[in-house]
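Spelled out, the chains give:
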Amino acid sequence: MLIKQGQLDANGHPYVEIIVSADGTEGSGTTFQALIDTGFTGFVSLPIIAATTLKLQPHTTARYELANGKLSDPIPLARAFACVSGDRFIAGLISISEHARVLIGVEFLRTCGKSLIFSSNSIGIIDDEEFKKYIAEQGAAQKATGSAS
Amino acid sequence: MTEDNKNAIPDTRDIAERGEAIYKEKWEAKLAKDSEGKFVAINIVNGDAVLGDTSEEAIRRAQEQYPKGYFHLMRVGHRSAFNAGWYMSHAD
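Top line first, the protein sequences correspond to chains S and G.
The first sequence begins at 1 in this note's numbering and counts up by one.
The second sequence begins at 1 in this note's numbering and counts up by one.
Any given hint might turn out to be false.
To be verified - To list a few chain S residues with every Cβ distance to chain G over 10 angstroms, as calculated:
1. E17
2. T31
3. D37
4. G42
5. K55
6. Y64
7. E65
8. L116
9. K143
10. A144
Said to hold, decoys possible - Dumping the calculated PhoX-like pairs for lysine-lysine here, alpha-carbon to alpha-carbon at most 20 angstroms:
11. S:K143 <-> S:K132
12. S:K133 <-> S:K143
13. S:K4 <-> S:K132
14. G:K68 <-> S:K70
15. S:K133 <-> S:K4
16. G:K68 <-> S:K55
Said to hold, decoys possible - Per label pair, the in silico range of CB-to-CB distance:
17. G:N46 <-> S:G86: 37 to 45 angstroms
18. G:E64 <-> S:S85: 40 to 48 angstroms
19. S:A140 <-> G:Q65: 47 to 55 angstroms
20. G:K26 <-> S:R110: 36 to 44 angstroms
21. G:W86 <-> S:D73: 17 to 25 angstroms
22. S:A136 <-> G:K68: 24 to 32 angstroms
Keep in mind the hints are simulated off the structure, nothing from the lab.
Note that this is a predicted model, so its numbers are computed, not measured.
We put the CB at the ideal spot given by N, CA and C, even for glycine.
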């Protein structure tokens, strides 16, 4: 089973290495340590300076519903490409944020086909298919144990 | 937007406010019937709406139709296109 290992910072926040590219060509892009925010329903959020360095051209706006129920100010977005480091690029909308950290949200996990595994002191990202296979194998093993007893 | 200033690059708030006004006036009631949960890209220049199952699909299809367009993204039946997580909601 191939698991891309991430890391937890001192506050227990999970990070994984991603690459973001304006055009998605092989070998292009910039590597970031991205905070995995499972409450964020978007794809990737980049600080303005990182988006500028990547020459992302915003053409879209959207608002976000904040945790307190209020709506954010409009945020510019650009269509670009991102992936977990070592994988193939996937197209998505990059939010260009005034915040300092790079974030990935659940749309990133879904479109990249990734499952998230948390343990008490580490984090891993695994392909959905591998994870499903693992769950099926565990289910079959449990059934076999149940039949034998 | 008039023909005279069609080529001017609008700012973020301007795009969003125009897009929201167009969505409310022209599309909200129409799309609520059978497009709940879909993403919709509103072209702020001509008022057209392009739907997609994902945000990327809506914007990709909108850009294919209008390569130089500016869009505001909404989600049918939702107050906004996305939910912010804890970090976006609390970071300064």
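Here is what the structure says about each hint:
1. E17: Non-interface label on E17 of chain S holds, nearest chain G Cβ at 18 angstroms vs cutoff 10 angstroms.
2. T31: About 20 angstroms separates T31 of chain S from the closest Cβ of chain G, which puts it past 10 angstroms; holds.
3. D37: 4 angstroms, violated
4. G42: 4 angstroms, violated
5. K55: Holds, because the least Cβ-Cβ distance between K55 of chain S and chain G comes to about 16 angstroms, which exceeds 10 angstroms.
6. Y64: At about 4 angstroms from chain G, Y64 of chain S fails to clear the 10 angstroms cut-off, so the statement is violated.
7. E65: Check fails; 5 angstroms does not lie beyond 10 angstroms.
8. L116: 14 angstroms, holds
9. K143: 36 angstroms, holds
10. A144: 39 angstroms, holds
11. S:K143 <-> S:K132: Holds, at about 16 angstroms.
12. S:K133 <-> S:K143: 15 angstroms, holds
13. S:K4 <-> S:K132: OK: K4 of chain S and K132 of chain S at ~16 angstroms, within 20 angstroms.
14. G:K68 <-> S:K70: 31 angstroms, violated
15. S:K133 <-> S:K4: With Cα atoms ~17 angstroms apart, K133 of chain S and K4 of chain S stay inside 20 angstroms; holds.
16. G:K68 <-> S:K55: 17 angstroms, holds
17. G:N46 <-> S:G86: 37 to 45 angstroms: 42 angstroms, holds
18. G:E64 <-> S:S85: 40 to 48 angstroms: Distance hint for E64 of chain G, S85 of chain S is violated at roughly 30 angstroms.
19. S:A140 <-> G:Q65: 47 to 55 angstroms: Holds, since A140 of chain S and Q65 of chain G (Cβ atoms, about 48 angstroms apart) stay within the stated range.
20. G:K26 <-> S:R110: 36 to 44 angstroms: 30 angstroms, violated
21. G:W86 <-> S:D73: 17 to 25 angstroms: The hinted range 17 to 25 angstroms holds for W86 of chain G and D73 of chain S, with Cβ atoms some 18 angstroms apart.
22. S:A136 <-> G:K68: 24 to 32 angstroms: Because 48 angstroms falls outside the window, the suggested range is violated.
Of the numbered hints listed earlier, those contradicted by the structure are 3, 4, 6, 7, 14, 18, 20, 22.
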